[in-house]
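Enquirer: Using the sequences plus the hints, can you model the full thing?
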Amino acid sequence: MIPRFFGNPQRPLFGIFHPGRGSRPQKQNVLICPPIGHEYVRTHWAIRSLASKLSREGMNVLRFDYRGVGDSAGDVSEVPTLQDWVADTQDAAVELLDEVGELDSPLTVIGLRWGAAIATLAVRELAAEGKLKSHPAVNLVLWEPSLRGADFLTGLRTMHRQMLDLWVSRVETEDSETHEEILGFRYQRSLMNEIQTLNLEHEPPPSVDNILVLTSDEQQTFSG
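All residue numbers for the sequence shown refer to the numbering used here, where the first residue is 1 and numbers rise by one.
Calculated directly from the structure, the hints in this document are not laboratory data.
All of these numbers come straight from a predicted model, not from anything done at the bench.
No incorrect hints appear here.
Pair by pair, the computed Cβ-Cβ distance ranges are: (1) 202 - 137: 18 to 28 Å; (2) 46 - 2: 14 to 24 Å; (3) 56 - 214: 16 to 26 Å; (4) 173 - 2: 35 to 45 Å; (5) 162 - 199: 19 to 29 Å.
Heads up, the beta-carbon is just placed ideally off N, CA and C, and yes, glycines get one too.
Expert: Encoded structure:
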């Protein structure tokens, strides 16, 4: 594992590169997009384990944190728009490809939970800008994806209320015009509104070679 900071030096992103090793390198480059909020914390071990396993199979893997998340610069309360995290994912893809120097190798982007939505938007923009044409294959893996923003936030808010009900004394958390606190994380209202209206189930999938949806919900998939 090789930790590093990359991207804009004024707000660097943190990532960990797992170079491919083993006796049979596969010339596969993998970018892993994590969830946000409490799901980022709960799934950190799983993402690290996945990156290590893929590395042992000979794949080059980069896992990273969005701005305001994990060890990247800033606080999540300072992130005003979903596009900021999409841009961070694009920067991470560039960092991975610059590191391996293999533009002719397949690229796979894996997104977990809300990271799947971010990964989808990032890959779509990269494809639209023609930045993926040099790759023989571009794959998108959506792992237990949250594709409906309204449902995603409803689930978080329900869990938030349930956790507050466990306290003996009443606890107040912020829910104002500018910010909303959910499960210990304070988000800007503009970001929440953008997530609320996003529904990737009713949009065509991005222009990639393969899309794999790994989910226990048989009805949760692209319909475009």
